[in-house]
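A.B. asks: Chains as they are written, first to last, in my numbering: chain A, 1 to 333; chain B, 1 to 746; chain C, 1 to 174.
Treat the hints with care, since some could be wrong.
Unchecked claim - Some chain B residues judged to face chain C by a derived CB distance under 10 Å, without partners named:
1) Q73
2) P90
3) R91
4) Y224
5) L228
6) D607
7) R646
8) L650
9) T678
Calculated from the structure, these hints are not laboratory results.
In this text, a Cβ means the ideal position worked out from N, Cα and C, and glycines have one as well.
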Amino acid sequence: MEEILNVSGRVIPHVYPHLEIWGSAIAIYLFIGGLAAGLLFFANFFYLSGKQNSMPMTIKVAPIITPIIISLGLILLVFDLHHKLYFWQLLLHIKMRSPMSWGAWTLSVIMIPAILWPLTYLEDTIDYLKKRNDKCKLIGLFTWANNLVNKIKPLVLLLNFFNKYKKLAAYLTIYLSIILGVYTGILLSAFNARPLWNTSILGPLFLTSGVSTAAALLMWLSNNPLERKLYSKIDLFLIAIELFFIIHMFMGMQAGGNAQVEAAQLFLGGPFTASFWVLVVGLGLVIPATLEILELSGFHVPIGIISFLILFGGLLFRFIMIYAGQASSFHVL
Amino acid sequence: MKTTRRQFIKIAGMGTAGVAVAGSVLGSVQKAAERSISTPSSDSELFRTPTYCEVCFWKCAAWVYKDKEGNIQKLIGNATDQHARGKLCPRGTGGLGMYYDNDRLKKPLIRRNREDDHYEEVSWEVALDFIAKKMKGIKKDWGKENMAVFVHGSPAKHFEYLFKAYGNENHSEPAYAQCAGPREAGFFATFGSGVGSPEPADMQNSKCIIFIGNHVGENMHNSYVQELSLAIDNDADIIVVDPRLSTVAAKATHWLPIKPGTDIALLLAWMHVLIYDNIYDKEYIDKYAFGFEELKAHVANYTPEWASGITTIDPELIRKSAHTMAAAAPAAVIHPGRHTTWYGDDTQRERSMAIINALLGAFGRKGGMYMGVKQKLPNYPVPEFPEPKWTWKDITLDKYKNAAVGLTNVLIDASLPEYPKEHQIKGWFIAGTSFINTIPDRKKMFKAMDNQELIVVVDTMPMEMTGYADVVLPESTYLERYDYARGGKNRVAQVALRMPAVEAKYDTKPSWWIAKELGNRLGLKKYYPWKDLEEVLDWQFQKIGTSLEEMKRIGVKTFESDESIYLLPGEDFEFNTNTGKIELYSTDFAEKGYDPLPKFTRHESPDPGFYHLVYGRAPMHTFGRTQNNPYLYELRKTNDVWINPRTAKLWGIENGMEIWLKNQDGIVSEFSTKARLTERIRPDSIYMVHGFGHTSKKLTRAYGKGINDLPLITKVKIDPIMGGTGMRNNFVTFLLEKPKKEEVKS
Amino acid sequence: MAMDTRKCVGCSDCVVACQTENNVPLGYCRDWIVETVKGSYPETVKMHFASERCMQCDNTPCVRTCPTGASHVIEGGIVKVTHDECIGCGACIEACPYGARYVHPDGYIDKCTFCDHRLEQGMNPACVDVCPTSCLIFGDLDDPRSPVSKALQEKDWYVLAPEAGTNPQLYFLK
Ligand SMILES: Nc1nc2c(c(=O)[nH]1)N[C@H]1C(S)=C(S)[C@@H](COP(=O)(O)OP(=O)(O)OC[C@H]3O[C@@H](n4cnc5c(=O)[nH]c(N)nc54)[C@H](O)[C@@H]3O)O[C@H]1N2
Ligand SMILES: Nc1nc2c(c(=O)[nH]1)N[C@H]1C(S)=C(S)[C@@H](COP(=O)(O)OP(=O)(O)OC[C@H]3O[C@@H](n4cnc5c(=O)[nH]c(N)nc54)[C@H](O)[C@@H]3O)O[C@H]1N2
Ligand code: SF4
Ligand code: SF4
Ligand code: SF4
Ligand code: SF4
Ligand code: SF4
Ligand SMILES: [Mo]
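Extracted from the complex, chain A is given alone in its bound form (with noise of 0.2 Å):
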C-alpha cells in the first residue's frame, strides 16, 4: 500500500483537492471561438469560391452571429478572471509565447471583419429573411441598423474600403480563422502540467472540431437544400476525422510516460468514460454520423436533431476536456 497525504496547508479553494481554475466560462468560451472560426472559415472560403448567391445562409446571413458570439465570448473570458478590474492589462501586453495573449489578440483583431464582413451583407439579409419569413422581428431590427450604418459617413466610407479589398480581406480572415481555431485547442495544449491537454493533436482536433459545430450550425440554418447536403458530407468528413484524431490521441498518450497514460485513464476507465464515451463520441459524433448517412441515403431524418447532437457534442466534449485536464496531473499533489 502506498499512502500519500496532505499534512497540512493544502486545501486551497480552486486548486486543492480539484484544481478548478477554469470551468463553464472557459468551455463555452472555447466552444465559441471554435463555432466563430467555423463560421467565418465557411463564409470566407465559399466567397472566395463564388458561392455568393447559391449559398447565401453561409456568406451572407449566418456571419452576422459571430461578431454576436465572439463579444459573448470576450465578456465570459472578462467574467471569469479573478482580478476583473485589471483585465486592460491583457491589452498593454503582447506575448507571443503565451496563447491566453495570443488568442485574446486573434479574437480582438478577427473582430474586425466580423463585424464588417456581416455589415456588407446587411441588405442582403434583411431581404433573405423577408423571403424566408417577412413577419421576423429581427427584419425591423436589421433595418434599423442599416439606417444607422448609412448615417454613419465614416463607417460607410470604411465598409466601401473593405469591400474593395474584400477578397485579400478574405484570405486574410481564413488564415486568421483557422489560427482561432487551432488556438481554442492550442491554449489547452501548451500546459505541459496538465497531461492530458499536453499533445500536438489539441490544435488540429479542437480546430477539425470546431468547422464541424459551424458546419452543423449552417446545415440546420440554411433552407436550401443543396447547402444542406454540403454540409452534410462536410460534417460527415470531420467527423470522420476528428474521430480519428481522437483514438490518435489516446493511442498516443498510451505510448507516452506515467503521467500520460493516466491522464487517458481517465477516459478509458476513469472518472470521464461514460460522459465521454456516450455522450461526446456517442450522441455528439457517431449517432449524428449515422443519421447523416442515412439522410444521405435518402432517409428522412430532421436536420435539427442531427445538427443539436453536433453542436450539444462540441460543447460537451469541451467541458469535459476542461474537467478532465485539470484532473490529470503530474501526482505531486
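Following the hints, position chains B and C with the ligands against chain A.
C.D. replies: Just chains B and C with the ligands now, with coordinates in the frame of chain A:
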C-alpha cells in the same frame, strides 16, 4: 446539581456583542482585516518586545513583532535562548492566534443558579467579591484547607502563591499524575534526582538515542526536536520502541514495533544483553552504582527470547539494538520520555530505563544525560505563610509513598461526598488546565464536581471546563501580560522575561492581578505589598544583577556558572540516594515495600474486535487548547483514527470512512471522525491524537471536529508508587453507523 | 533551496511561518507538507515528509503562459507575480505542475517569493529560519561553496515531476 448535562456559557446579551461571531473562518479572524497590507514588511519596519511562549510548557523565549499600528505581525524565537535557539515550533509561531481568536473569553461570568445554564456577565469586582464570599463560607463550614487548586502553565505560580498565603497547600497539576510523575519517581529512585523540564538528555552530542514511546517530532518540544535534528546530522543511531511507526521511528536505525504495554519485558531483556554480553560500562558501574549483582541475578532469565514472546519483537532485533546502544555508550541515552502515565506500573518502567542509562554510563556523560544548571530568582520578601492544618501529603503519602507533589486524582477522590469530612474538598479553583479533558474517569469527575460548593475556572478560552464553573474569569493571553520570569535548568543558566506586547483585549486580566485582587478580598494584603508584577520582577532582576529595563531589551539573560554539566573524569560524585550511589537496586523502594528491582507485569490484551487505544500528539497542536486557534486550526482541523489496513479489512472499513469509537465499558465517542488506513500501526492497535472532539459550541472552529480520547479512557490503573493515572489500558471497537443518541454516553 | 526529507518531521512550522511573515490569508498557503508512506507493516514500512512550495523552476511554464507578463523572473531566478498586472486568468495555475500558485482572495495570483523581501536584507526565507529541524537549506546554487550546493554534492537527491520539464530548483534530499 447534575453536571452530566453539558452546560456551556451562554453569551446571551453580551456587552461585547459588537464583535459578532462570524460564521466563516476568515471572518472570525480579525487579523486579516487588521493587517490589510498585501506585501510583507521588512523587520526593520517592525517593533519587538520579548516574551516566552505559553502554547505549551517548554516556554521558549520569543520576540513579538508589531507593526507601526501596534498589531502583532509575527512571533520569532529568541536566538540566545536555549529552549528556542532562534526558532519557535509551529504552535509557538501560530501563538498569535491565541490573541486574535474571536472566540476568547471576554468578560467575567457568574452562574448564580446551577440548575440552569445561564451565565451572567459581571464586572471583575462582582466576580471576585462572589468568589471571596464563597471561599469564606467554605472556610467557615469546612476549613480553608478544604479546597483544591488545579493549575497548569504560567498561571500556576500566581494561584499557588495565593493559596499558600491563604493557608492551603492542596494544589496539583496534571503535569505530574497524568504526565511526567512516573519518570520523576523512577529516575529519582535511581539517580537521586528527577528529570525536570527540559529533559537533560544530551541528544545533540549523542551517538545513540533510544525512545520508548516518546514520539519526538510529533511531541514538538522545540529545542528537543532541534537536538534530534542535530543528532541526525551527527549520524547518531536512533532506536524507537513504539507500536506505531511514529515520525521518529521512520528516521530510526531500529524500530521495535512493540505490543502495547510490554515495554518492561523489552527493557529487562536489554539489561540482560548488556550485562550478560558484558557490554555495559563496567568501570562506571563499579564506581557509581549500587546493587549490580542483585540486578544481574534478577535479569538472568530475561533473555531476548523470553521478551520476544511477550513483546512480539524479534529476539535478534532486541540483541542487535542493545549492541547498537552499547557501542555508542557512554554517548548513548534512553530518553526518559515525558507523558509516562501509561499502564500503572510506569514508575517501574521508568526505573528500568534509568537502570539502562546507568548500565550505559549515560548519567553525567557527554551524549548521555547532562546535569543542568539554573539561575535562582530570589523571592520577594513577604511575611511567612500560615501553616495549614493539613495538606495534600496527609491524604496521599500513606498510599502513594513516592508522590512528590499533589496528585490531581487524589484530590478528586477527596472531593467525593463519601470522603471523610475532615479532608473532604468542597471548592475547586482551576487555572490553565482543561480539567475534564485532561483527567481520566469522567464519571468520578462529574460526581466530585457535584459535591463542590464553588468551582472557579480561570481560562482564556470558553473551553468545556468553563461550562461547569460557577465563576469564569477571563485571563489575558500571554501576549498581553506579565508573568514571573522563566528560569529552569539547562546547559547554561538563563532567565527569560515575558512582558505584554499589546494591551489586553476585552475585559481580560492577568493571573497575577486576579490573584492579588482576590488576596486583598481574603484579607491577605500583607502578602501583596507590591503594586504590580513589574515591581516584583524588577526587584528580582536587580538581585541577580540585571533589571527589568535590561530584560525588556534583551528578553533572555545568560548567567555564568562554574558547575560542570558532566561528571569530571574519575570524579567522586555523591548521588542523592540512601546509598549515595546510583541505585540499580532501590533501597528506598525496598524499605517502602515496593519492588526494589523492576518486574514485568502482564497487562490486559483487548478482547476480539477491540483494539488498544493509543493516543499521542500532533506537532501543530497542544492538547486541547489550540484546536480553535485560527492558524493552527488551518493546519489540522480534526483527528483521524489510524487503522492498519488488515484490521480495516475485517471490518470493511475504507480509507476516509466515517467511524465512531466505543470503548470496553460501552462509552461511545460523541462525534465521528475519518478512518485513516495506514501501515504505520500495529493491527492490534488504533491511534489518534489527543485534544480534538470539542463539545463547547463557543469554540466555533473546533466544535464537533474529531474524537476526544479522554471520555474513552474509563479504566485507570493507578501507579502504586507515585499515584499516577495509567491511561493506556483502554480498548475500543468501531461503530460504522451513527449511534443512536442514548448510546452516546461520553 | 534543498529540503532534507530525512530530517523533516512534518510539523508545518514552515507553513505558519510563511503565513505570518507574508500575510498569507488564512485558508491559503504558499508552502505545504506531504507525507509519503510506502511498504507494509512491520518490516518494510517507510515514511517521509516533504515541505513543498514553488520550485522556482528554471524553465518556467507559468511565466511563459502569462498573457500580461505579471508572472516574471527576477534576479536570482525567483519567479514573482506583479499583483497590479495580474488579471487573474488562471493560466499560470494551469501551467504549474506543482500546484504552487493560488488565487488570493483579492483576485490576483500569489505564490512563494522565496521571501525576496528578506533576502534583500541578507536574511533567509521565513520558512527556512523557522524550521526546527533545519531541514530547509537555502543558498546560491551557482556558488559551489554554498550550503545548498554542498548538500547536493554530498547527498542523494531527487526533484518532483522532472518529466514535466520545468527543471525545478527545489531539491529533496533523501
Ligand atoms: N505538539 C505537541 N507537543 C507536545 C505536547 C503537545 O500537546 N503537542 N505536549 C507535551 C507534553 S506535556 C508531553 S507530556 C509530551 C508527550 O509526548 P511523549 O512523552 O512523547 O508521549 P508518549 O506517550 O511517550 O508518546 C506517545 C507515543 O507512545 C506510543 N505508545 C503508545 N503505547 C505504547 C506502549 O505501550 N509502548 C510504547 N513503547 N509506546 C507506546 C504511541 O504510539 C505514541 O507514538 O509531549 C509534549 N509535546
Ligand atoms: N486523554 C488524554 N489525557 C491527557 C493526555 C493525553 O494525551 N490524553 N495528556 C496528559 C498530559 S501529558 C498532560 S501534560 C495534561 C495537560 O493537561 P492540560 O494542562 O489541562 O492541557 P490543555 O488541554 O492544554 O489545557 C490547558 C487549558 O489552559 C487554557 N489556557 C491556555 N493558556 C492559558 C493562559 O495563559 N491562562 C489561562 N488561565 N489559561 C490558559 C487553555 O485554554 C486550556 O483550557 O493532559 C494529560 N491528560
Ligand atoms: S515548544 Fe512550541 S509551543 Fe512549546 S513553548 Fe516552545 S514554541 Fe511554544
Ligand atoms: S518546519 Fe521543517 S520540519 Fe517542520 S514541516 Fe517544515 S520543513 Fe518539515
Ligand atoms: S513551481 Fe510552478 S509556479 Fe513555481 S516556477 Fe515552477 S511552474 Fe512556476
Ligand atoms: S493569473 Fe495573473 S500571473 Fe497568472 S497567467 Fe494570468 S495574468 Fe499572469
Ligand atoms: S520562501 Fe518565503 S514565501 Fe516561500 S514558502 Fe518559504 S516563507 Fe513562504
Ligand atoms: Mo505532559
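A.B. asks: All hints, please: hold or fail.
C.D. replies: Evaluated hints:
1. At a threshold of 10 Å, the smallest CB-CB gap from B:Q73 to chain C is about 7 Å, leaving the interface hint in force.
2. Proximity of B:P90 to chain C holds as hinted, the smallest CB-CB distance being about 4 Å (cut-off 10 Å).
3. Satisfaction of the interface hint for B:R91 is found here, the shortest Cβ-Cβ separation to chain C being roughly 9 Å, below the 10 Å cut-off.
4. Taken as an interface hint, B:Y224 checks out: its beta carbon lies about 9 Å from the nearest beta carbon of chain C, inside 10 Å.
5. The beta carbon of B:L228 comes within 7 Å of a beta carbon in chain C, closer than 10 Å, and the hint placing it at the interface holds.
6. With its C-beta approaching chain C no nearer than about 22 Å, B:D607 sits outside the 10 Å limit, and its interface hint is violated.
7. With a cut of 10 Å, the hint placing B:R646 at the interface with chain C holds, because the nearest CB-to-CB distance is about 8 Å.
8. Interface restraint check for B:L650: the shortest CB-CB distance to chain C comes to about 15 Å, outside 10 Å, so the restraint is violated.
9. Taking 10 Å as the C-beta cut-off, the interface hint given for B:T678 holds, the closest approach to chain C being about 6 Å.
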